[in-house]
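Below, each chain spelled out in residue letters.
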Amino acid sequence: MARSVLAGLGWVALLVFVVGVAGANEEDGHHVVAEATLGSQFYVIDPPYDTSNVAGFFEQYRYIRDQGATLPYFLDLVHLNAGIQRADQTYLLRLERWTRNALNSNGYLSLDWQGLDLDLDYRRYRSDSLRFFPKGTWGGETPVPDAYGVQYHSDLCPPTPTSISPCGSSPFGLESSDVFGANNRIFVNRQSVGGELALRPEGFGRNLPLLDELRTYARYETRQGYRQDSFVLATPLENASGNLAQGFRGNRRKLDQSVTTAGATLVASPLGLFETSLSFDFQEFREQAPVVTLNTLGVPNVSPAPPGLERAFFFVPDTNRFTGTLQITKQTEAVVFNAGVSAARLKQSGRFSPLQSYYGLCENRGASCDNAITLVSAHVDASIPLPGQINLATWLKYTYRDSDEARQAFLADAFSVLGSGFQESPYIQERNEARGGLEFSMRPVRGMQFGLGYRFDWVNRDLLFPSNDPLPLGIQPSVALIKPKSFDSEVYFRFRLRLLRSLRLSGEMSGSWASEVAYPNDLSEAFRMRLRGNYSLAHRFSWPVSIALTGHVLDGKNDAFPLPKSMPGAGRTNHFEKTEWGYDLTVTAVPKEAWVMFATFSQSVAEQSFGYVRTDFARYLDGLIPINFYIDSFPEYKSNVKSLTFGTSVTAWQRLRSDFSASLTWVDVGSRGAPDVGSNVGGLINQANRIQDRIFTLDTDLEYQISESVSVGAGYRFQQFINGVQLDPIELNETVHTIRAQFSIDFAAAYAAIAGSN
Amino acid sequence: MRKIGRARGSALRLQGLFFVLILAAACASVVWEPRGSRRTTPVPGATPVGTEECRVCHEEIAGHETMASYHSNCEACHGSGSLHAESEAVGDIRNPSSGDCLSCHIPGRDTHLQWGVGQHSQAGLICSDCHNPHSTQRQNLRLSQTSSFPDMDTTSQLCVECHSDVGSRFRYPTHHPVAEGGMSCVSCHDPHEDARVRPGDQNQLCANCHQDTIGPWIYEHPPATEDCQICHDPHGSVTNNMLVTVQPVICISCHSVNDQFHQLAIGPGILDNQQITQDFPTIPNQRIKPFAAGQKNQAGTYLRRCTDCHGAVHGSYTDEHLRH
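Protein chains in written order, with our numbering: chain A, 33 to 790; chain B, 546 to 869.
Worth flagging that the hints you see were computed from the coordinates, not collected in a lab.
Don't take each hint at face value.
Said to hold, decoys possible - Just some of the chain B residues that point at chain A, by a computed CB distance under 8 Å:
| id | residue |
| --- | --- |
| 1 | G644 |
| 2 | L658 |
| 3 | Q690 |
| 4 | A740 |
| 5 | R741 |
| 6 | Q792 |
| 7 | V794 |
| 8 | Q805 |
| 9 | G856 |
Ideal Cβ positions, reconstructed from N, Cα and C, are used throughout, including at glycine.
Pulled out of the complex, with its shape left as it was, chain A reads as follows (with noise of 0.2 Å):
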């Protein structure tokens, strides 16, 4: 499709590049533009697994070089540029197409005549995933699984051993030559197809009371290519030889998926009135792959499960999704006023499950399949001015989320036949949440604004526990970690001046206060702040130079979850606590009108501890056993990002233009147990997940106009990846060079040019 549809979008640029050259009205003053630049990349790539097949951190540019590009490697369409413009260089047809690289790019085209407005669009993009593998254990120590190890684990002994660990001595030993010994790629490639159509009758000199605008859209998007999955068998439904060592599991599922949506928008002002518009939307969701079963997956030394009794695995239910929206603004010189309502109902169609399909549960024994979530929401939204400079803004929004029983008759019925599948955790059936917001602001004298506002969140969950019959399984409220309600409180105070003509500062500042929370990981008290100041020197140097900071904080925590059936004679919560902080510092200078020079350093800090609980047994055996939790330890994390950004721009002799910029990014990930404090549980989940990476960026491009309709440029590009947790003996670093040559020419210059010299 991608190489038909490219095709069609370069005879489309050359039928319009004729078409305008020879039928261009020139009394009208519509005349023709094509630019087009035809570039070519070449990528050196330095990564240990060069020829291994293996997806790394540059995974596109290997594949662009061996294998996959729509034109050859070496040579695309990297800009183009033609239509037919009017006298003021408006474009009434217009295609413009942009090639990062070979394997992403877009395509507009265009066309604005009058009260009509149409574009259509044309997308690809591909996405290859980054695996990491932390280190999964240290020297000395038994061998343990490699994160990503389990993925392949095969649980055979390879006849030469290539194993990362030692093949027999655990059962979640790796084979290397699993993993990189076949074309085992991670991507999704992205490709849609889409356009919009707008009549606006005032364009047409029409103005119609009931219709400003009505817009129709359409889009169809593909995405093919793999996806991870892991997962672990059980016994004894999908692993029937009872053997848990040999029931972690990896897969590589083929996805085959597509997106049609198509809808409408109608904007209307009725009689002048008001404003309003209303919107209606199909979306269909379709998943073509295979079902995947333990049967088809063929796993060795695992018994097939028996007939019937296969699970799917990662099943994805097809969807279609109706959405409407109606909203209407009233505006005065002041006054906003604005409100909506939306409804949504998304329901699974198309296939079923195998477990939805076996003895035919869904088509044929009575049991509602009609599986689908209905969300409906509606707000308000207004800001008005009141006496004395003071503005006063208000929103208030309601959503509603229902899921359909039909889930809990199919897991009645299916418990009945199948004597397993029973419900484990608490679903949410309905969800009522409430927010909203005041804010008095007030501007005293022009250039400076406060603010004082309070906002809240407020939710009511109607959970639905499992069922104790037939069997006392499931999660009860008395162990759940989740809570019904929550509700949230914040008061904030927000300002933004402007002093000295050159200075420039904003910020806001809040306190949250939460009396009820639904997670262990929310926040029952926090304090915020978040900064924001520019200063121009431009009168003090005769170079203009700005400086512009930035700075947030988040400080809080979770005093407020007490947990469930706690150790006897000791009533406790388990305290969360959150802290967040970063700044950046940006300095552009302009030394000349055609000369930018520009520097970031930025710093991002995220830090958590909380409670590690244990509990004695699984919680859904409650009421068969009793459950206790226990703190074991308060692990801690904590995440360092820093990044330093610098680059130039300049046009010298006005024929010389030239680029360059750099970036380097530090990640520092790690955790640690709080000293002396029960199990090392910190410390062990800094050995299997430590990162630490760096990622450099260095960008130039050199571009020399030789004439009025044609140029030439050159680029270079250099990208390293270094990951400084390696897991021996595989190394993860990787190096890009790519060296970029291009011709650009405008071709109705050119035109004009050979037409003057005739």
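With the hints as your guide, set chain B onto chain A.
Frame of chain A, contents of chain B only:
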């Protein structure tokens, strides 16, 4: 019966909401002025002179930069220019505000309906902070002069000039492909709307692209049902899948872990037979549970990702433990 009752309740809610909206619209119609009143206010005492007269001095706007078709009449937005043409004083001409732009552009998009109450507007921004009405760039957008993201679309380059903290996140190891040009800030955010009152719930926006994670599921994971951002940071993260923290931290900051299935009863484990019996020294009445003789630390749980076994974290059609 309960289902019928709830369906009836939903219908009543809907009817109620529509009633409130219609009532609000009716009130608005009575109280406020019609739309036409927001057209640019004239400059007192001035008379139109025509665009050609403006071009005598403002050649750089009329010539070097180009003007969109509806912007080619200077006085449509700046008001009559006779006094300014005579005196050349700044005070004798008016510079348009956002209200002037919206007098024509409300029908441009339905989200323009929220501009006046939106966060950008409330923060004091005006249209010309992002748009150059004299330009023929797409959407008349201004161009960033200091972007270090060569593959990023021009709209996003403009966004991260102010939202520099978000721009930094596009340099993190995993992020949505905005820096690579695969998508744009406006793929998710409409800068004209009030995001606080966006229709639907928090997840509906994500569901526009990630339909395969949204269900409806037979077995669900409540946080995934409520808000994707409980676990994911869409702008960028230090770990894969844009998780807000690494695994297992993100999971065990909420979840308790049971000894029954997570202590690696089969095969050797790290800290085999480690006995942990001490009290917490700094927290009264907190006491951990000691491992029994022969019991193993839950090391296997910490040393791999929770999703290696519970891979269906968004929801499942098959497994009540979200394993597949």
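Tested hints:
| no. | hint | in the structure |
| --- | --- | --- |
| 1 | G644 | 7 Å, holds |
| 2 | L658 | 4 Å, holds |
| 3 | Q690 | 5 Å, holds |
| 4 | A740 | 11 Å, violated |
| 5 | R741 | 6 Å, holds |
| 6 | Q792 | 7 Å, holds |
| 7 | V794 | 5 Å, holds |
| 8 | Q805 | 5 Å, holds |
| 9 | G856 | 5 Å, holds |
The structure is inconsistent with hint 4 alone, although it conforms to all the rest.
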